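K.L.:
Here is how the chains run, residue by residue.
Number of protein chains: 2
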Amino acid sequence: MRTVTYGAACSLDGFIAGSGGEIDWLHSSRDVSEIMRDYWKSIDTILWGRKTWDQALRMGGAGGGGKTSKIRSYVFSRTLTSLDANGAELVRGEAGAFVRDLKQRTGKGICLMGGGELARSLLDADVVDDIGMNVHPVLLGSGVPMFLDPRHRVLLELMSSRKIDGGCVYSMYRVKH
Amino acid sequence: MRTVTYGAACSLDGFIAGSGGEIDWLHSSRDVSEIMRDYWKSIDTILWGRKTWDQALRMGGAGGGGKTSKIRSYVFSRTLTSLDANGAELVRGEAGAFVRDLKQRTGKGICLMGGGELARSLLDADVVDDIGMNVHPVLLGSGVPMFLDPRHRVLLELMSSRKIDGGCVYSMYRVKH
Chain A
0 MRTVTYGAAC SLDGFIAGSG GEIDWLHSSR DVSEIMRDYW KSIDTILWGR KTWDQALRMG
60 GAGGGGKTSK IRSYVFSRTL TSLDANGAEL VRGEAGAFVR DLKQRTGKGI CLMGGGELAR
120 SLLDADVVDD IGMNVHPVLL GSGVPMFLDP RHRVLLELMS SRKIDGGCVY SMYRVKH
Chain B
0 MRTVTYGAAC SLDGFIAGSG GEIDWLHSSR DVSEIMRDYW KSIDTILWGR KTWDQALRMG
60 GAGGGGKTSK IRSYVFSRTL TSLDANGAEL VRGEAGAFVR DLKQRTGKGI CLMGGGELAR
120 SLLDADVVDD IGMNVHPVLL GSGVPMFLDP RHRVLLELMS SRKIDGGCVY SMYRVKH
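Here the protein sequences come in this chain order: A and B. Note that numbering that gives the first Met the number 0 has the first sequence beginning at 0, numbered continuously upward. Note that numbering that gives the first Met the number 0 has the second sequence beginning at 0, numbered continuously upward.
Chain A with its partners taken away, still in its complex shape (with noise of 0.2 Å):
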């Protein structure tokens, strides 16, 4: 069966943005571009939040990719009626339900992009299997959580952690059903 996957970038305190959206706090460095670039292979599904989707829009990172890309996006949104991307499927459907029958399919390793809504809902269907974190060394305070209550309390292992770059833990979990 396919795995699920929610990774990201955070601050100590947990946020993956400040308050006003800021990011610049955010380390770039070989060891990431490591990580990312195998990460990258393992998957061919990206599963967006409609908040994330529209924010990678403006910042010309996100798309369905068109008929070349061997990404599949799906975006999920309770409020939109149409997705103006190529290569992209709006879900407006039950989250949990579909990335259940999503991951009967077959193909690669499946990608969930914070923000936090989306990680909630679909930890709360219990259809993430691992959690990545790159923890930097900041508080910020006050931002966009990385997890928001998942309303159940969720078991994990540690599967690895080590130091990188930059002063960052980078720590992988696995989600036990």
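Hints were generated in silico from the structure; no laboratory data involved. Any given hint could turn out to be false.
Which copy? The list can't say, so a pair holds if one copy fits it or any two copies do.
In the EDC-like style, the derived pairs of lysine to aspartate or glutamate whose C-alpha atoms are separated by at most 20 Å in a straight line are [stated by the list, open to error]: (1) K107 - E93; (2) K50 - D30; (3) K162 - D129; (4) K175 - D164; (5) K175 - D148; (6) K107 - D53.
A quick note: this is a predicted structure, and the numbers were derived from the prediction, not measured.
With the hints as your guide, set chain B onto chain A.
P.N.:
Same frame as chain A, now just chain B:
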């Protein structure tokens, strides 16, 4: 100058206790015992927030220590007028100024006991030097946060990070003043 350390065990989503005060998810191990044994040797002073002090009293774990103890306890409160504990001292004034003065005096390390309100106040006043976190492999969803908004961005330097028993990750940070 003496060092003020804020340390706690927390969930991956940053809570030091569940919303009903639950700490049943805390993992004790030889690793933790050794870390704490070495740490207790390095300090002679504990700073308590009033709520944490009350809770520790209820659990039988707090106390000024009386005449025989080498640990000096200070309890910070704006509402209490006296303290019913032999050897512990009530601090009603501005916490940051008090701790700034305390750090100038002769002595060993100073331990800041969570919860987050006293920590917020002392991080805000920039008198906290080290932050230690023992991150447990669980998402609690809600509860008592380790960090409240210190009202400014706090830059940190990662001193060490290692996996310890129970799938925990123990990291030490130094505050960049």
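K.L.:
Hints first: check each against the structure and report whether it holds.
P.N.:
Outcome of the hint check:
Within a single copy, K107 and E93 get their C-alpha atoms no closer than 22 Å, and across copies no closer than 57 Å, so neither meets the 20 Å cut-off. For the identical chains of this complex, K50 and D30 are neighbours neither inside a copy (28 Å) nor across copies (42 Å), given an alpha-carbon limit of 20 Å. In the homo-oligomer, the alpha carbons of K162 and D129 lie at most 20 Å apart both inside one protomer (19 Å) and across protomers (18 Å), since each shortest distance falls under that limit. Taking CA atoms no more than 20 Å apart as the test, K175 paired with D164 passes between copies only; the shortest distance there is 17 Å, against 29 Å inside one copy.
When the C-alpha separation of K175 and D148 is checked against a cutoff of 20 Å, the pair qualifies only within one copy, where the shortest distance is 17 Å, while the shortest distance between copies is 31 Å. When the C-alpha separation of K107 and D53 is checked against a cutoff of 20 Å, the pair qualifies neither within a copy, at 25 Å, nor between copies, at 52 Å.
Comparing the model with each numbered hint stated earlier shows that hints 1, 2 and 6 do not hold.
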